[in-house]
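If you're matching them up, the sequences are chains A and B in order. The opening residue of the first sequence carries number 1 in the UniProt record's numbering; numbering runs sequentially from there. The opening residue of the second sequence carries number 1 in the UniProt record's numbering; numbering runs sequentially from there.
Among the hints, a few may not be true.
[Said to hold, decoys possible] Derived lysine-lysine pairs resembling DSBU-like cross-links, with alpha carbons at most 35 Å apart:
id, chain 1, residue 1, chain 2, residue 2
1, A, Lys-213, B, Lys-86
2, A, Lys-213, B, Lys-211
3, A, Lys-213, B, Lys-66
None of these hints come from the bench; they were simulated from the model. As the structure is a computational prediction, the values presented were derived from the model and not from experiment.
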Amino acid sequence: MAVWLFLGPSLIGFSLFYLIPFVLGFYESFTDGALGGRFVGINNYTDLLHSASFRKAAGNTMLFTAIGVPLLIGLSLTLAVLLNRPLFLRSWLRTSFMLPLVVPVASVVTVWQIFFDWNGTLNAWLNELGLARVDWMQSNWSMTIVVVMYIWKNIGYDMILLLAGLQSIPKDYYETASLEGAGRFHQFRHITLVYLTPTMFFVLLISIINSFKVFRETYLLAGDYPYDRLYMLQHYMNNMFFELDVQKLTAAATLMVVCIVVMTSGLLRAERKFREYTE
Amino acid sequence: MNNYQRLSGLALSVTFSVFAAVMLFPIGLTLVSSMMSEAEISQNYDLIGKMVDTANGGKDAFLNLKLLPDWLTFEQYAQVLILSPKFLSMFWNSAGLVLPIVIGQTLVGSLAAYAFAKLRFPGRDKLFFVYLMTMLMPFQVTLVPNYLVIDMLGLMNRSSAIVLPGIFGAFGVFMMRQFMAHIPYALTEAAKIDGAGQFTIFMRVILPLAKPGLAALAVLLFVDYWNMIEQPLIFLQDAVKQPLSLYLAQINQSARGVGFAASTLYMTPMVLLFLYAESYFVEGIQHSGIKG
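Pulled out of the complex, with its shape left as it was, chain A reads as follows:
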């Protein structure tokens, strides 16, 4: 009884705005129109997989996640390990690393333009070094730029999470290890990384969610149709929506959901295995 009192409000709204739309979308992906269409089996999916722009968008999204997320976690981990000790100005440093997290994307778009424009500061510096200009936003560099923005925004959040993980490792593990003659690298590999793994799962999850949010940056910087390399699944789905191509959109959405579900349940299973193994 008490359960419904607590869960009820959330469950009603959640079903209405998330669960039902999700099920509807899944259903629509097998029909030939919005609600009330004819059942067409997997036709929408074969169309979708033949569409060059879908394949491009899916490839770019995967590439972005595959580069951005590990890079972000690696850098945040480095930062967290180095910052996990008494240090001059430590709390100031922490504040500065976290501040980009709360700055709205739209506020700093112009600054990114100043740097990455064809006539921008970065190219001015290249020019002074006697090098040719690079069209940052209209070449394969554009993804690198978006990765930089992603890291700029999220490094503080990941660092804070990892710092908490580091501080939860009992100090005497390290003391015992150093008494037994283990070097620093050995300690890092066999103590830090092992006991940090549960936190790492969580960081990975949060970083993936946040990697989908870079759509805002790319949208504000490059609009509906950015350079090929930046054309992500979110652009594709957004554009299909405005082109009223419900079939392709719902099929693409379903595929994306399947990927995310498979990936996450794999992660959660790995985490459970890991916990059983260490306990």
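Chain A is fixed; fit chain B onto it per the hints.
Chain B in isolation, oriented as in the chain A frame:
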């Protein structure tokens, strides 16, 4: 501490300070540029987005990164706040969307989180997994069916088309559950023995202990929804109702100087909120991340 350690600590502090300066640079540049005159802005940044013909002597044409204004002026702010009423009305639009979402999601989320963290019922973990999944999905995934539902409810082009889904977002449930899972059962059991009902336990035991979690959640939601672009783009076609995030995208292109001032005003509430609640915020995030 020996000399070597002291020296390496100092070197690290210096390196970190440089890195911190790089991190803060985009924010600082926006702030500084907001205090330049329109003439100074266009003189330095007029070349953004223009293809210069390099063959015709435009070879060295670059925009000029200007770190300090020639003289301080607040004319851009006057322009934004007094001369164009649009900015303020959209600022309030943003506030009117974000505040109900933050309050609503924190409330609804905490209630549900308590059920997930401290009550037992069949299918609990499976249901939580479903919440977790929807939280991971980008907004575009349920675009079409969401549109249909919003349309059926007659909410299209109203702020509730954004506020209602916001209130029931899964992130609040997820984060508060993670946080509440740390609160020892001993405390809730003790209250139960004293004869307290579930609701009393929630109000008197759980909520006071969950304060850092609530603060962290409120800040994160504030930031996320203050920043939203996708939802209003689809559900609020009426320009009068749109939030600042969309307006800013336009003004940045048309009037750059005003854009800097508007950007600064736009980020100020976020930055102040963060600096004010930082310790709570950090503690809340950290508790949500490590397993108890």
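We went through each hint and held it up to the structure:
Restraint check: the Cα-Cα separation between Lys-213 (chain A) and Lys-86 (chain B) comes to about 27 Å, which is no more than 35 Å; the hinted pair holds. Proposed proximity of Lys-213 (chain A) and Lys-211 (chain B) is supported: the alpha carbons are some 27 Å apart, at most 35 Å. Of the pairs offered as hints, the one joining Lys-213 (chain A) and Lys-66 (chain B) holds, with about 30 Å between alpha carbons and a cut-off of 35 Å not exceeded.
The structure agrees with every numbered hint stated previously.
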